[in-house]
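Peer 1: Protein sequence lines, in the order shown, are assigned to chains Y and P. For the first sequence, numbering that gives the first Met the number 0 assigns the number 0 to the initial residue and increments by one for each residue that follows. For the second sequence, numbering that gives the first Met the number 0 assigns the number 0 to the initial residue and increments by one for each residue that follows.
If you're looking for bench data, these hints aren't it; they were derived computationally from the structure. Note that this is a predicted model, so its numbers are computed, not measured. Cβ atoms here follow ideal geometry from the backbone N, Cα and C, with glycine treated the same way. It cannot be assumed that every hint is accurate.
If you anchor each label on the Cβ, the simulated ranges turn out as follows [as the list claims (entries may be wrong)]:
| hint | chain 1 | residue 1 | chain 2 | residue 2 | range |
| --- | --- | --- | --- | --- | --- |
| 1 | P | 12 | Y | 47 | 29 to 39 Å |
| 2 | Y | 43 | P | 162 | 35 to 45 Å |
| 3 | Y | 47 | P | 26 | 25 to 35 Å |
| 4 | P | 171 | Y | 154 | 40 to 50 Å |
| 5 | Y | 23 | P | 112 | 34 to 44 Å |
| 6 | Y | 157 | P | 179 | 36 to 46 Å |
| 7 | Y | 112 | P | 162 | 44 to 54 Å |
| 8 | Y | 11 | P | 174 | 24 to 34 Å |
| 9 | Y | 147 | P | 29 | 36 to 46 Å |
Negatives, chain P to chain Y, calculated, CB over 12 Å [what the hints assert, rightly or not]:
| hint | residue |
| --- | --- |
| 10 | 18 |
| 11 | 50 |
| 12 | 55 |
| 13 | 68 |
| 14 | 75 |
| 15 | 93 |
| 16 | 119 |
| 17 | 128 |
| 18 | 131 |
| 19 | 150 |
| 20 | 157 |
Output of the computed footprint for chain P on chain Y, the stretches with three or more beta carbons under 8 Å from beta carbons of chain P [said to hold, decoys possible]:
| hint | stretch |
| --- | --- |
| 21 | 7 to 16 |
| 22 | 22 to 36 |
| 23 | 126 to 134 |
| 24 | 137 to 144 |
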Amino acid sequence: MDLEECLRVHGPALWRVIASYAPAGAERDDLAQEVTLAVWRALPRFRGESSPRTFLLRIAHNRCLSHAWQRARRPSGCDADLPHLPDPRPALDEQLAKQQRTERFLAHVRTLPLGQRQVLTLALEGLSHAEIAEVVGITPQNVAVRLGRARDALRRSMQQEAA
Amino acid sequence: MTSWETWQSTWAGAEGPLPDVRSRVEREARHHRRSRVSVVLLLLVASLGAIPAFEAPEAVVHLIGWVILAFCAGIGIGFAVIQRRVGPLKLATPREALAFLEQRLGAELRVAHLTRWVYLAMILLGGVLTQLLYVEHGSPLSVRLMTLGCFVFGLALTFTAPVWFGRIARRRQTEIDRWRGWLEEQNL
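Could you build all of it, start to finish, from the sequences and the hints given here?
Peer 2: Shown next, in the form of structure tokens:
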């Protein structure tokens, strides 16, 4: 599997995973570079035992988890963990409005605990419970439980903002 | 549409660019190959340019020709030795790519040092010889000063080359160190 091909086919999914861990800006750019390097490094190890998508999402999630742990260890971690919510006022430009909606949704996703965030983003990517279990390393039953909690938490977070 | 479907459509609509680090390294490798060819061509042109000097009747002009040839030989040999240390371009893995980038950075700095000293030697010898030639021919002072000025300008550029190369290299080294740090972390 070639890196260019991987990034072309699965790049958008990888980007979404990255965006669910890092807000827009330098932090997201850095994390994107880390994930790309990690994918490049891991590609020769791909033996086709799982689907390329599952393999790449596992790498991206592992890399993003390390990033999240490092971020939490930083002294300024409490500030950095605050949800970064873009301006909720309606934007004039349709494209900009869509971008704002997306960023707001991603910001809500980033407020979820890591375990819930992982299963939720993978489920949003369209992975089955069995595939999510393979990526995260838990049982499919556990995936169902975490996903249920993640959906509730996300709904609550969005309702709070609306209120 | 249920909230889950709305979330999924928002999620699927999110996209952004991913940096292609390998194509960046490959671009650096192409620059590297091109710079090798450019240096060889420049040295070839300079060496060919020195040949007419040997047809002149004055011994001083012959000496200037030898100085130019010695300069080309010095730079050429030094460049070849430095490039041998960079070795073959392997970019299959990030670690190989980082090693290449680091070696290239080191090679650029060494070439800057090489140019500094070889050019200094050429300026000293060439400067003295051209001034002798101008005295012999009774050339006007303005011509002498202009030639001297050109030599001094060239010397100022080449003698300070390691300093400004070093500044650029420090920035690039920081980036390489950051990349390496990430790779080390992944080994944990």
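Peer 1: May I ask which of the numbered hints given earlier this structure violates, with the numbers listed in increasing order?
Peer 2: When the structure is compared with the hints, numbers 9, 10, 15, 23 and 24 turn out to be violated.
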